[in-house]
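> In case you want the letters, here they are:
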Amino acid sequence: MSEDLASVERRVKSYWYRDGIGELAAGLMLILLGVFFFLLEFFGEDSTIGAILQPSLVLVLIGLFALGRRVVEALKGRLVYTRTGFVEYESAEPKLRHRLFAGLAAGLLAAAFALAASQLKPLQTVPALTGLIGGVLLVLWQFRAAGLSRFTILAACSIALGLWLSLSALTEGYAISLYYAGMGLAMLASGGLVLQSYLRQNSKRQ
Amino acid sequence: MLVMVLSAVKSADFLFLERETGLTKGNLSAHLSKLEAAGYVKIEKTFKGKYPLTVCSLTAAGRKALGDYRQKMDEALQTVAKTNRRPSLR
Numbered sequence: 000m001s002e003d004l005a006s007v008e009r010r011v012k013s014y015w016y017r018d019g020i021g022e023l024a025a026g027l028m029l030i031l032l033g034v035f036f037f038l039l040e041f042f043g044e045d046s047t048i049g050a051i052l053q054p055s056l057v058l059v060l061i062g063l064f065a066l067g068r069r070v071v072e073a074l075k076g077r078l079v080y081t082r083t084g085f086v087e088y089e090s091a092e093p094k095l096r097h098r099l100f101a102g103l104a105a106g107l108l109a110a111a112f113a114l115a116a117s118q119l120k121p122l123q124t125v126p127a128l129t130g131l132i133g134g135v136l137l138v139l140w141q142f143r144a145a146g147l148s149r150f151t152i153l154a155a156c157s158i159a160l161g162l163w164l165s166l167s168a169l170t171e172g173y174a175i176s177l178y179y180a181g182m183g184l185a186m187l188a189s190g191g192l193v194l195q196s197y198l199r200q201n202s203k204r205q
Numbered sequence: 000m001l002v003m004v005l006s007a008v009k010s011a012d013f014l015f016l017e018r019e020t021g022l023t024k025g026n027l028s029a030h031l032s033k034l035e036a037a038g039y040v041k042i043e044k045t046f047k048g049k050y051p052l053t054v055c056s057l058t059a060a061g062r063k064a065l066g067d068y069r070q071k072m073d074e075a076l077q078t079v080a081k082t083n084r085r086p087s088l089r
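In order, the protein sequences belong to chains A and B.
Numbering that gives the first Met the number 0 applies: residue 0 is where the first sequence begins, and numbers increase by one.
Numbering that gives the first Met the number 0 applies: residue 0 is where the second sequence begins, and numbers increase by one.
It is worth saying that the hints were derived from the structure and are not from the lab.
Check before you lean on any hint, since a few could be wrong.
Said to hold, decoys possible - Subject to a maximum C-alpha distance of 25 angstroms in a straight line, what follows is the list of computed PhoX-like cross-link-like pairs (lysine-lysine):
no.: 1; chain 1: B; residue 1: Lys-24; chain 2: A; residue 2: Lys-203
no.: 2; chain 1: B; residue 1: Lys-63; chain 2: A; residue 2: Lys-203
no.: 3; chain 1: B; residue 1: Lys-44; chain 2: A; residue 2: Lys-12
no.: 4; chain 1: A; residue 1: Lys-203; chain 2: B; residue 2: Lys-81
no.: 5; chain 1: B; residue 1: Lys-41; chain 2: A; residue 2: Lys-12
no.: 6; chain 1: B; residue 1: Lys-47; chain 2: A; residue 2: Lys-203
no.: 7; chain 1: B; residue 1: Lys-49; chain 2: A; residue 2: Lys-203
no.: 8; chain 1: B; residue 1: Lys-9; chain 2: B; residue 2: Lys-41
no.: 9; chain 1: A; residue 1: Lys-203; chain 2: B; residue 2: Lys-44
no.: 10; chain 1: B; residue 1: Lys-81; chain 2: B; residue 2: Lys-33
no.: 11; chain 1: B; residue 1: Lys-81; chain 2: A; residue 2: Lys-12
no.: 12; chain 1: B; residue 1: Lys-24; chain 2: B; residue 2: Lys-41
no.: 13; chain 1: B; residue 1: Lys-63; chain 2: A; residue 2: Lys-12
Unchecked claim - Here are a few chain B residues that sit away from chain A, every Cβ distance over 10 angstroms (derived from the structure):
no.: 14; residue: Ala-7
no.: 15; residue: Ser-10
no.: 16; residue: Ala-11
no.: 17; residue: Leu-22
no.: 18; residue: Ser-28
no.: 19; residue: Leu-31
no.: 20; residue: Lys-33
no.: 21; residue: Ala-37
no.: 22; residue: Gly-38
no.: 23; residue: Lys-44
no.: 24; residue: Gly-48
no.: 25; residue: Ala-59
no.: 26; residue: Ala-60
no.: 27; residue: Asp-67
no.: 28; residue: Ala-80
no.: 29; residue: Thr-82
Glycine is no exception: its CB is placed at the ideal position from the N, C-alpha and C atoms.
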């Protein structure tokens with residue numbers, strides 16, 4: 000009985016990810032973030048534009064999240080609700096032990112990379128670290144999305160791209176902007192293919 | 000199955016429930032009516048942006064009833080498992 004409910008829960012929770020719209024929105028946000036970091040590196044921190052851009056990163060992130068939510072709601076309303084229905088999920092409060100574990104894991108990861116950075120001087124650590132964190136987040140997203148395997152592929156892309164950019168001759172700023180733009184394109188492609196498949200399989204209800 | 004699907008979400012519309020449960024429209028309506036009459040399901044008409052929706056959600060009584068049912072089923076299965084493990088007297 001418990002197993003049946005668990006499999007029903009998994010299937011229902013994976014519904015949100017079946018259309019690929021979340022990845023499309025995330026891809027768009029990442030590309031815009033890549034543009035932000037590119038502009039920051041291009042103009043330089045010492046320029047007027049750089050002086051404005053640098054402290055506005057938090058505002059940019061908040062704005063991008065808000066934009067992402069609006070894009071998802073608009074696309075789901077237009078394409079998904081009329082085809083396969085509407086569902087709203089309970090917002091789960093993360094348990095204290097999960098938060099402690101996440102904090103501990105983040106701390107250990109940061110310490111490991113600080114140590115690696117001091118040892119591996121030719122390697123730019125920020126793109127590699129960003130790629131690794133992106134990969135971990137995508138794997139965690141896969142668990143939330145009830146095991147949809149495309150997130151594993153995106154996680155592998157993230158780690159590989161981060162590592163490749165770390166070993167490249169690009170400056171750190173351009174490497175980071177290229178990472179976000181590259182992952183944005185990967186997620187746009189992934190989300191686009193999934194959405195195309197979804198629309199083909201599910202016609203609009205009259 | 001219908002109650003299990005509703006227990007995994009905050010609310011869901013008729014179309015989603017029809018697809019996830021595999022029930023026909025008529026069957027699903029009948030089930031929902033009975034569950035609403037028993038106080039286990041709440042049905043309300045709302046809007047998501049500009050889209051009209053009729054959404055269903057499990058009430059607290061419905062969640063409790065599902066929890067009680069699961070507990071009884073688990074106990075029954077454990078009893079059956081214990082009975083099967085006992086050696087035969089023949």
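> All hints are to be evaluated individually against the structure, with a verdict given for each.
For each hint, the structure was consulted:
1. B:Lys-24 x A:Lys-203: Given that 25 angstroms is the threshold and the Cα spacing comes to 17 angstroms, the pair holds.
2. B:Lys-63 x A:Lys-203: The hint is violated at about 36 angstroms.
3. B:Lys-44 x A:Lys-12: OK: B:Lys-44 and A:Lys-12 at ~23 angstroms, within 25 angstroms.
4. A:Lys-203 x B:Lys-81: violated, 51 angstroms
5. B:Lys-41 x A:Lys-12: holds, 21 angstroms
6. B:Lys-47 x A:Lys-203: holds, 18 angstroms
7. B:Lys-49 x A:Lys-203: holds, 17 angstroms
8. B:Lys-9 x B:Lys-41: Holds - the C-alpha atoms of B:Lys-41 and B:Lys-9 are around 11 angstroms apart, at most 25 angstroms.
9. A:Lys-203 x B:Lys-44: holds, 21 angstroms
10. B:Lys-81 x B:Lys-33: violated, 36 angstroms
11. B:Lys-81 x A:Lys-12: With a Cα-Cα distance of about 34 angstroms, the restraint between B:Lys-81 and A:Lys-12 is violated, given a limit of 25 angstroms.
12. B:Lys-24 x B:Lys-41: The given pair, whose Cα atoms are some 18 angstroms apart, holds under the 25 angstroms limit.
13. B:Lys-63 x A:Lys-12: Answer holds: B:Lys-63 to A:Lys-12 is near 21 angstroms, not above 25 angstroms.
14. Ala-7: Not fine: 4 angstroms to the nearest Cβ puts B:Ala-7 too close to chain A.
15. Ser-10: violated, 5 angstroms
16. Ala-11: Given that some Cβ of chain A is not farther than 10 angstroms from that of B:Ala-11, nearest at about 4 angstroms, it is violated.
17. Leu-22: holds, 13 angstroms
18. Ser-28: holds, 15 angstroms
19. Leu-31: Per Cβ check, B:Leu-31 is outside 10 angstroms of chain A; nearest 14 angstroms; holds.
20. Lys-33: Holds, because the least Cβ-Cβ distance between B:Lys-33 and chain A comes to about 20 angstroms, which exceeds 10 angstroms.
21. Ala-37: Its Cβ never comes within 10 angstroms of chain A, the nearest being 20 angstroms, so this holds.
22. Gly-38: holds, 20 angstroms
23. Lys-44: Holds, because the least Cβ-Cβ distance between B:Lys-44 and chain A comes to about 13 angstroms, which exceeds 10 angstroms.
24. Gly-48: violated, 5 angstroms
25. Ala-59: holds, 13 angstroms
26. Ala-60: The claim stands: B:Ala-60 keeps its Cβ more than 10 angstroms from every Cβ of chain A (closest is about 17 angstroms).
27. Asp-67: holds, 12 angstroms
28. Ala-80: holds, 13 angstroms
29. Thr-82: Non-interface label on B:Thr-82 holds, nearest chain A Cβ at 17 angstroms vs cutoff 10 angstroms.
Hint check: violations occur at hints 2, 4, 10, 11, 14, 15, 16 and 24; the rest are consistent with the structure.
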